[in-house]
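Undergrad: Chains as they are written, first to last, in the working numbering: chain V, 5 to 133; chain P, 200 to 861; chain B, 3 to 325; chain S, 20 to 164.
Watch out, some of these pointers could steer you wrong.
Restricting the straight-line Cα-Cα distance to at most 35 Å, the calculated cross-link-like pairs of lysine-lysine (DSBU-like) are [to be verified]: (1) 599(P) - 433(P); (2) 149(S) - 25(V); (3) 25(V) - 433(P); (4) 599(P) - 28(V); (5) 433(P) - 45(V); (6) 145(B) - 164(B); (7) 599(P) - 9(V).
Read the hints as simulated data drawn from the structure, not as lab findings.
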Amino acid sequence: MSHAKNQAERIREISGVNPLKCMKCGKCSATCPAFNEMDIKPHQFVSYVANENIEELVKSDSLWKCLSCFACVERCPRDVKPGKIIDAARQLVVRERGGNYLSADEIPELLDEDTPQQLLVSAYRRYKR
Amino acid sequence: MQRIGVFVCHCGSNIAATVDVKKVVEVIASEPGVVHAEDYQYMCSEAGQEKIAIAVREKKLTGIVVCSCSPRMHEATFRKAAERAGINPYMVEIANIREHCSWIHKDINEATEKAVILARAAVAKVNLNTPLTPGESRVTKRALVIGGGIAGIQTALDIADAGYKVDIVEKTPSIGGRMSQLDKTFPTLDCSACILTPKMVEAAAHENITIYTYSEVEKVSGFVGDFTVDIRKKARFIDADKCTGCGACQEKCPSKKTPSEFNRGLGTRTAIYTPFAQAIPNVPVIDTEACIKFKTGKCGLCQKICAAGAVDYTQKDEIVTEKYGAIVVATGFDTISLDKYDEYAYNQSPDVITSLELERVMNAAGPTHGHLERLSDGKAPKEIVFIQCVGSRCSDDRGKPYCSKICCMYTAKHAMLIRDKYPDVNVTVFYIDVRTPGKNFDEFYRRAVEQYGVNYVKGQVGKVIPQPNGKLLVQGSDLLDNKQILKEADMVVLATAIEPNKDVRKIATMLTASIDTNNFLTEAHAKLRPVESPTAGIFLSGVVQGPKDIPETVSQAGAAAVKVVGLLAKDKLMTNPCTAKADELLCNGCSSCANVCPYGAISYEDTLVNDHGIRETRRIAIVNSALCQGCGACTVACPSGAMDLQGFSNRQILSEVDAICR
Amino acid sequence: MQELINRAKELLADGTVARVLGWKIGDMPYNPEPAYFETVESLDKFVYNGFCGANLSKYMIEASKLEGKTLVCLKPCDSYSFNQLLTEHRVDRDKAYIIGVGCKGKLDIEKIKKTGIKGITAVSGAEMTDACDTLEIDTIYGKKSCSYNDGMLERCHVCKGKEHKIYDELIGESRDTCDKERFAEVERIEAMSPEEKFEFFKAELSKCIRCNACRNVCPACSCRKCVFDSTKFDSAQKANVDSFEEKMFHIIRAFHVAGRCTDCGECSRVCPQGIPLHLFNRKFIKDINEIYGEYVAGAEAGSRAPLVNFDTEDAEPSIVNER
Amino acid sequence: MSVNNEFRPKIVAFCCNWCSYAGADLAGSSRLAYPADVKIIRVPCSCRVNPMFILRAFEKGADGVIICGCHPGDCHYSTGNYYARRRMTLLFSMLDYIGVEKGRTRVEWVSAAEGVKFSDTMNDFVAKIKGLGENVRLGDLRCKN
């Protein structure tokens, strides 16, 4: 398996998203609050994975511009979840880079009970670069 | 011992490419009972069927196995061929070596091996087949149409014109259905009422048509050719024979605040009402939930005002029992609930409406008398946004997985009509795909764009945000420009997905008609029998089978009518001989079988039997073969094995099991 | 017992019944056998005591065909079987005069023998009027004694209750004998590993000699002709011609009576090989109760058995994998 | 008849004529592959399946038996699959009770439109049976040691 293919497969695996389900309606981009900040738009995340063009995706600004608000995940009519794709891409980068800024001991006091866990995990990935 | 001929079909290369048909012939020829085996290019062709006839003649065959496509495809063909060749049609079994074998396996050895086993099982079964003769049942020359929309009306008219009696049962107070709520129709833009009303009048006046409005089907029993149906005629509290339809009662009724169903809740109606001016019959009904007389005992104004003395508060529901030979389901559709689509603000803003509501707004008889205005403040909108695919093509649990089919065209129609009547109004349509297959459909859509300047944007809307200034902020994407659009609109129209009428599942259960997960009734064959239900004698007309527009509905309604007429034209029907039968020497008379029979086909009679010299009167199960549909539930409920199913007997199925596990 | 005999004589004499279906003295003190009595005199041989375990309800199928009424003695548990047969139209209520006889638990001679008592010549303490605490046993080795409960049939330890579900009159007192958990044995097996379960049943079923005693005694197995004796399923005859029935006989028999079995325990009582056949039936009863709700076959004549009934919300078969 | 001694299970699938058999046909016409080990017997309704058929299959050497019918509520005969559901539940429980591995029997509701589900179900079932290996217990539950 080529590196690109391998990476695309890992994103599919981490995110649990099947990019082939996308019907290219654009509702994700329509709903995204960070749309204007992004170089690659949310609806494009899917095609980058489908086309195994992960190198560009992980180099994009969007990777770190996505707020992980999951509005796109919530509203996607096809259950494709672009927000999870970009989050998975972040994780891919994090895993490849290795090392964390926060140590595990520091985490508990930073936690707010009302914060959704998914948001926390996403935020860690986002802000640790 | 049977003399069995096995005929292996190549189906061109469909079978022969993955199954070594010569090998199948060679192996099967040595099976017990097989006296003849051959293969041929297309067994279903005339030449193929002739081969069967020749073999029957020359080899004195008593049983036939055809190894071919699914029995659901050609079992009937080969049974007829057998009959023509002079052997009982029920001495034929099919080994499905196409759908269940050649099409799903790639390895030729594996597929051939399996084909041989499937053929063996069929041979084993035929060895135990017995000739069966279909019974006969009579045909009641009257049809029932459930639903009085355009589908039901057209079907009824076509059946009636062919000379048969037909009854329409409609749940609401008037026939007309969804089409009566529409303003104009695509792609010709003629007025819906102008083309529908004459048909409604024609149906009402037709000597062969009886219309039961404000009525529901309550109970269905029987089977093709001989259904018995109970129809509940709900109390209207108006004597239809006396009512002149003058409308005075409705003018005087003091209870005026009930949302009008006909206007999709956008206007109100009185407690005594006819849904719309052209209603048929033009006889009002009293809504007891809203009527002051019924709620408090006081009022009675309508009775006082009625010169004909037609108002009768004591009227009761009435059950009419009628016999029918065929039943057509034409229960139509409704739009889905938008409660789960918060992002479109449908429940927050009165200026976000569905397309069906827009039809009422645009209609001269509607809540705004045909003026395009915002329902919140009555102001004329300047900017209108249409959103396509709201709830259609969704794989989540909020919407429907299918395309509702009519939305692209009616949205083009709405956009065009608005631009035509109000050229100063900007119309934007957010679409995913524009689907316009149909005669003059794409031309129609192009006119909306090219001639009327409707702004089509490829992309979905993510959110509609009501603004403090009363405007609606629409946030959508333009995928072609790769932009996010923010647009202030005065009105947003949602092309809401359609779904089968809520009552259809209940009706399908009564009719034992199959229904799919989306609540559309299943057709007997998706391509070859699109207007028939797999349940004999039940036919489908209109959206109950799947989304369709008016021209399609009318064609399908006609097709369903032809099928009904074809059935009613027969004096007698052949019944399926694969029915249950009790062995009187084994039957205990325990009633287990009758308990599980869905058709009430089993009764018990005290019968004098001669059990190996012992003569005694026993309680024995008797199956009415006209009622029995051959499901076999009774055969398993029977502890003694007395009950068996002809054509699928215990020994036949066991022999198949043995052949497969050998 | 004398009260019962006197009443039977009375009913025979005044013509209310044409015959009496009860038990007569057997060749040993502990094996009375089912019998018809057609004359007042013959009733001198009538016996009813702790050894009269046999369920007479099944005899009523044939008795229903006879002229006149038959007086039948039914213990509380037998009355369930009678009701079930009534539900299945196998017996005629109008042809039966039911005396519900009291029951203080029935005895199992094999269990008594297992306590080490051999060469039994007489047993006392098991009459209807006895307290049924202790059995006094005469043997060729002298007098012995045994606690009544230790000699009781397994089924009496899990008795459904001392109430008769159907009767014309009642004679004699009954006693609560239930002192064990009815499904304990089933649960014990359920808790085994598949290997242990298989070995357990293989060991038990391998004892079967296909004598058909279980089938013949079972009131639910009342088919005019058993599927295992007909050609309808290619299952041939009693002789082990076909391995199919040999292996599957007991499972299929249990399935055929599932939902109809009143758990009367006769199958296990009569098995000459001592196979605990009731464990099959009781497993079905337990499953039915747990999955479809409590159902007692024969508690009520005319009730609909669970296997000829359904609920649209029934559990899926995969529930078996989850249990 | 396997070439490389790979275990090829014998699997009998009882399919009701109206839904599941049609679903299998759809799997075929959609070319959705599943192992050739599965052989389908057509019955009018899942309620036609007598427990004796299932036991017979096992006794004759089947390694797995699957019963497919219309979804509950969608039975062509309106109630047949409800009876089948109860019968099969109790039978499967009994088989489990006597030590036959869970997983050799299955009921699956497959509509005429669910070709994909039919194929997926069969692929999964065959894989599970392969995992369980050859069925010795049912063929071996004999009266003689």
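Undergrad: Does the alpha-carbon distance linking residue 599(P) and residue 9(V) stay inside the 35 Å limit?
TA: 33 Å, holds
Undergrad: Take the C-alpha atoms of residue 149(S) and residue 25(V), compute the straight-line distance between them, and say whether it is at most 35 Å.
TA: With Cα atoms ~31 Å apart, residue 149(S) and residue 25(V) stay inside 35 Å; holds.
Undergrad: What's the verdict on residue 145(B) and residue 164(B), does the C-alpha distance respect the 35 Å limit or exceed it?
TA: 32 Å, holds
Undergrad: Between residue 599(P) and residue 433(P), does the CA-CA distance stay at or below 35 Å?
TA: Since the Cα atoms of residue 599(P) and residue 433(P) sit roughly 33 Å apart, the hinted pair holds (cutoff 35 Å).
Undergrad: For the pair we were handed, residue 433(P) and residue 45(V), check the Cα-Cα distance against 35 Å.
TA: Violated, because 57 Å separates the two Cα atoms, which is more than 35 Å.
Undergrad: Between residue 25(V) and residue 433(P), is the straight-line Cα distance small enough, at 35 Å or below?
TA: 48 Å, violated
Undergrad: Are residue 599(P) and residue 28(V) close enough, with their CA atoms no more than 35 Å apart?
TA: 17 Å, holds
Checked against the numbered hints above, the structure breaks hints 3 and 5 and satisfies the rest.
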